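Trainee: These are the residues of each chain, in order.
Number of protein chains: 2
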Amino acid sequence: MIIKAEIIAIGDELLYGQIVDTNSHWISQELDKIGVKVVFRTTVGDQREYILEAFTRAEQRADIILITGGLGPTNDDLTKPLLAEYFNCPVELVPEALEDVTKFFTRRGRELTELNRLQAHLPTRCKYIRNKVGTAPGMWFEENSVAWMSMPGVPHEMEKLMVDFVLPELKRRFDLPVIYHKVIRTVGIGESWLADILKSWEENLPEHIKLAYLPSLGEVKLRLTAVGKDYDLMVDQVAEQIHNCLPLISSYIYGYDNETISEVVGRLLKNKNKTLALAESCSGGYISHLITSIAGSSAYFNGAIVPYHNAFKIAMLAVKESTLGRTGAVSEDTVIEMAKNVRKEFKADFGLSTSGIAGPAGGTIEKPVGTVWVACDYEGGTVTKKLQLSNERDINIYQTAIAALNILRNCILNGN
Amino acid sequence: MIIKAEIIAIGDELLYGQIVDTNSHWISQELDKIGVKVVFRTTVGDQREYILEAFTRAEQRADIILITGGLGPTNDDLTKPLLAEYFNCPVELVPEALEDVTKFFTRRGRELTELNRLQAHLPTRCKYIRNKVGTAPGMWFEENSVAWMSMPGVPHEMEKLMVDFVLPELKRRFDLPVIYHKVIRTVGIGESWLADILKSWEENLPEHIKLAYLPSLGEVKLRLTAVGKDYDLMVDQVAEQIHNCLPLISSYIYGYDNETISEVVGRLLKNKNKTLALAESCSGGYISHLITSIAGSSAYFNGAIVPYHNAFKIAMLAVKESTLGRTGAVSEDTVIEMAKNVRKEFKADFGLSTSGIAGPAGGTIEKPVGTVWVACDYEGGTVTKKLQLSNERDINIYQTAIAALNILRNCILNGN
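Chains H and W are the protein sequences, given in the same order. Just so you know, this note's numbering puts 74 at position 74 of the first sequence, and the rest follows in order with no gaps. Quick note: to get this note's numbering, add 1000 to the position in the second sequence (first position is 1).
Do not rely on the hints blindly, as some may be mistaken.
Claimed, not checked - Listed next, the in silico DSS-like pairs over lysine-lysine satisfying Cα-Cα at most 25 Å (straight line):
no.: 1; chain 1: W; residue 1: Lys1344; chain 2: H; residue 2: Lys347
no.: 2; chain 1: H; residue 1: Lys344; chain 2: W; residue 2: Lys1103
no.: 3; chain 1: W; residue 1: Lys1347; chain 2: H; residue 2: Lys320
no.: 4; chain 1: W; residue 1: Lys1320; chain 2: H; residue 2: Lys385
no.: 5; chain 1: H; residue 1: Lys347; chain 2: W; residue 2: Lys1103
no.: 6; chain 1: W; residue 1: Lys1344; chain 2: H; residue 2: Lys344
no.: 7; chain 1: W; residue 1: Lys1274; chain 2: H; residue 2: Lys367
no.: 8; chain 1: H; residue 1: Lys344; chain 2: W; residue 2: Lys1347
no.: 9; chain 1: H; residue 1: Lys367; chain 2: W; residue 2: Lys1347
no.: 10; chain 1: W; residue 1: Lys1347; chain 2: H; residue 2: Lys386
no.: 11; chain 1: W; residue 1: Lys1344; chain 2: H; residue 2: Lys320
For the record, the hints were derived by calculation from the structure and aren't laboratory data. Remember, predicted model here, so these are calculated numbers, not experimental data.
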């Protein structure tokens, strides 16, 4: 049986966009790991009727209801009185809770106010759960075989309650299935082409393994989800399915799970003991930023030049004036010279270069905005690619970077 | 009358915590700006009964329903068929949509697949809204005086549809209260210090003007919100309040509203007809990326060098070996030489340099992780600053960039 959870985040500040609700995402991830299926997430403001409606609907759909927020000591915080109303019980002082909140303030050299004392008053049907890092207590209810937990909205307080109490308690009380996810990360192919290629493979997946396409800018992730009882068996079964689809799409796969393409490139360079240099024109330093965002990148990254005018392509990268005159800065010949020369200047094993029209201005009929050339020079030769991207500057910069890193990745794989 | 909105985000990947739902937060903020009150946000998986239930509940609560996600061409994407089911209408080919999706692929030199063609089939009761940056069309419905809009889950596609169509359309169709926001952007001071300085000013704000502190990494935004009926009057009233607080905090203010610090720097350079060159060590190309992300930056940005090893600080930036030997790469002397030389190499008016220990490794007792030096060289002299940042690599890179751009900004303002 699938155990279903619903997450309810309470607070006007979330609905008005003043605070990002990172809690619901974090809780989703943690529940996913223990095999609880989140079926609904709701964000509701500090309003009685909407909060009660959220409680009612959640109870109809879920076995577990996790609530964050609305637990402060002020009048606009409604979670506690509404839980009491919903479960039809009074709110009374819990001595243990008062002791904890008193200690919390004493340790900080502060006096307890009347509002703080009220935080120790709880609905009589709940079990008090100690919040070790704040003053708003956790509350656990079990009613009609549904487990409810109310937690503060402050992320580190919520996380501590989840880790210390909620997750272990859920594992203890529920017979949870084992869920295993594996993500295949692809680049250089759109969602619908992938789906076309994988059609019959997908149709033949066993019932307990599901496939989802997760497209984002410049890449598509394929997520395989297996549900069962035996973790190791599912790992094997998913591996077998991936093995079956590899011949169809291996050239598009750059990595698995959470690994980004710049991490993959970094790992490959490090393992082969090779170094990289960049000459970035239209990508303007973004590839360098992606590479250097990774801890330890100084082991394989020698440096970059961003020559944002032709004069500096000539002066700093020895691109020939005649090349620029003949074919222009956005051309195969120019990126080849940039890649070769930056590799030489930085004494690197791989030289990667970009030149293009990022936009929104600067396009011509022959070279419209979004025209980009990429080159990678290494001992195995020089690989080039022309991209035809969008009208949006930020998208063009991003997609140039992803495409260039993928070309680099293939060159590293082809090298010694 | 208050106009109420509900946001529905669709996708298993959100509930499983694999993707953060940034869309709902972004939409919340945009609706707040135009005076629409978000009363509920729901996240639901790719499951028929839950999606239909979310539609039903939303229609009971809201005047406006904004839906993101579930619009891909594959079988697990249910939004379109379920909207057709909900509004009890067939799905038919929309020639205009087919033309747009065909153009989208032709422009990229690719063939339309059968799945792509299906994306142009829409519920007959909807109005087709062109998605200029993707293939999943926008769909607008008006049923029982509720406005519905279905948008793709890819953030930049959703944002473009919102800005180009949804927000103007909502303003046109609904009698919205007049809300005026003005954001003051500050850098170099923490939230609680700002709040201390502004305490009595804040207490004297008129009832209809509210102040919010919006802290983020490296900066704090102050948002003034006025609610009323007369827009011009509110603009004047807010301007008067800002005029009153300027003497208190003017040295921390770098801009207003949506202008980022790299945009401010770009505008200043352009207006003064000056140019910039960068020598980025620990910031690794990130400042270059921030500068070149702005359209038209080639007018004032000459280029950057990212010398990720000492050897290239010497070879490419003529930093003296003796300086590196004496004071190390992370030192005032080194960043001064880097700034001076990169300015000379790129024939620029301003040379900006960074060198530091981004972490997580590489720290020493004298120079722990997070130690960063920044220099800016220009005709008025050389300005340097030492920063002591965090243990987190990405935070250190980000804060180095913001601090360096602020130093540059002050130098530009001080120059001729």
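Trainee: Give a verdict on every hint.
Mentor: Now for the hints, and whether the structure bears them out:
no. : hint                  : in the structure
1   : W:Lys1344 to H:Lys347 : holds (23 Å)
2   : H:Lys344 to W:Lys1103 : violated (42 Å)
3   : W:Lys1347 to H:Lys320 : holds (20 Å)
4   : W:Lys1320 to H:Lys385 : violated (39 Å)
5   : H:Lys347 to W:Lys1103 : violated (44 Å)
6   : W:Lys1344 to H:Lys344 : holds (22 Å)
7   : W:Lys1274 to H:Lys367 : violated (29 Å)
8   : H:Lys344 to W:Lys1347 : holds (23 Å)
9   : H:Lys367 to W:Lys1347 : violated (29 Å)
10  : W:Lys1347 to H:Lys386 : violated (31 Å)
11  : W:Lys1344 to H:Lys320 : holds (22 Å)
When held up to the earlier numbered hints, the structure conflicts with 2, 4, 5, 7, 9, 10 and fits the remainder.
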